[in-house]
Amino acid sequence: MENRTITRADLAEAVYEEVGLSRNESSDLVESVLDEISNTLVKGDNVKISSFGSFSIREKGERVGRNPKTGVEVPILPRKVVVFRASHVLKDRINEATGAAQPSAPQGFGQSNYNSSDDNY
Amino acid sequence: MTKSELIQRLAERNPHLYLRDIEKIVETVFEKITQALVQGDRVELRGFGAFSVKHRDSRTGRNPRTGETVEVEAKRLPFFKTGKALREDLNKDLASHDDSSSQSEDSWY
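In the order they appear, the protein sequences are chains A and B. Using this note's numbering, the first residue of the first sequence is number 113, and each one after it goes up by one. Using this note's numbering, the first residue of the second sequence is number 263, and each one after it goes up by one.
Watch out, some of these pointers could steer you wrong.
[To be verified] Lysine to any residue pairs mimicking SDA-like chemistry, simulated, CA-CA at most 25 Å apart:
id: 1; chain 1: B; residue 1: K265; chain 2: B; residue 2: H317
id: 2; chain 1: B; residue 1: K316; chain 2: A; residue 2: E114
id: 3; chain 1: B; residue 1: K343; chain 2: A; residue 2: E125
id: 4; chain 1: A; residue 1: K160; chain 2: B; residue 2: E333
id: 5; chain 1: B; residue 1: K294; chain 2: B; residue 2: E306
id: 6; chain 1: B; residue 1: K343; chain 2: B; residue 2: V300
id: 7; chain 1: B; residue 1: K265; chain 2: A; residue 2: E114
[As the list claims (entries may be wrong)] Computed from the model, here is a short list of chain A residues facing chain B with C-beta under 10 Å:
id: 8; residue: R120
id: 9; residue: N136
id: 10; residue: G173
If you are wondering where the hints come from, they were derived from the structure by calculation, not from laboratory data. Note that this is a predicted model, so its numbers are computed, not measured. We treat Cβ as the ideally placed atom computed from N, Cα and C, and that holds for glycine.
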């Protein structure tokens with residue numbers, strides 16, 4: 113089973129099947145969801161989707177970059193980047209799929225340490 | 263903006279839809295993305311960004327406080343890479359006074 117790529121069309125199809133709107137309206141609504149998230153980030157606000165993750169903006173300062181091909185130094189201007197932090201619900205679900213095949217981890221120090229650091233967000 | 267605020271805004275933009283349908287749409291979108299990632303699939307939403315899963319091998323870690331060695335299990339981590347259009351929208355004001363070089367810069371960093 114090779115991995116595939118999910119696109120907007122797959123999301124629209126899922127909405128179509130789940131909600132019973134027309135295909136057109138389903139794909140418009142998927143687009144609206146992405147638009148609302150994008151617009152909120154462009155305004156500088158964070159987006160928190162419970163049990164999925166959060167998107168926030170990080171401001172990067174100016175630094176000197178180098179074109180790896182030519183070696184020419186170029187200033188990289190200060191810019192904003194999106195940072196996505198997956199919620200622990202999402203992380204757990206992604207790992208359950210593989211974790212099920214392995215013996216469960218001993219509840220040792222490492223495990224509890226991992227959990228406590230995970231609780232920070 | 264939280265998920266419920268997102269639902270609220272979509273409801274305002276779509277007064278002809280039931281609130282429960284909008285809730286279901288939002289749930290479905292994130293559930294579908296989650297299921298794809300659980301299966302190890304990639305989710306590519308042009309202009310917005312792409313979600314993928316990266317594999318981390320098991321390794322021997324160390325508790326920095328005690329120095330004790332700890333086996334860290336192999337795990338899979340979700341990643342998000344911002345799409346080009348969103349990245350450009352975020353930096354609109356920058357692009358306007360640096361339009362000439364932005365295109366060539368974009369290709370390598």
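Status of the hints after comparison with the structure:
With a CA separation close to 28 Å, the supplied pair K265 (chain B) and H317 (chain B) exceeds the 25 Å bound. Proposed proximity of K316 (chain B) and E114 (chain A) is supported: the alpha carbons are some 15 Å apart, at most 25 Å. Restraint check for K343 (chain B) and E125 (chain A): the C-alpha separation of about 23 Å stays at or below 25 Å, so the hint holds. For the hint linking K160 (chain A) to E333 (chain B), the alpha-carbon distance of about 32 Å lies beyond 25 Å, and the restraint is violated.
Only pairs whose Cα atoms come within 25 Å are accepted, and K294 (chain B) paired with E306 (chain B) is accepted, the gap being roughly 12 Å. At most 25 Å may separate the alpha-carbon atoms for a hinted pair to count; K343 (chain B) and V300 (chain B) meet this at roughly 17 Å. Note on K265 (chain B) and E114 (chain A): the hinted pairing is violated, with a Cα-Cα distance of about 32 Å set against a maximum of 25 Å. The beta carbon of R120 (chain A) comes within 6 Å of a beta carbon in chain B, closer than 10 Å, and the hint placing it at the interface holds.
Because the closest C-beta pair between N136 (chain A) and chain B is about 13 Å apart, greater than 10 Å, the hint is violated. For G173 (chain A), the interface hint is violated, the least distance from its beta-carbon to any beta-carbon of chain B being 13 Å, above 10 Å.
When held up to the earlier numbered hints, the structure conflicts with 1, 4, 7, 9 and 10 and fits the remainder.
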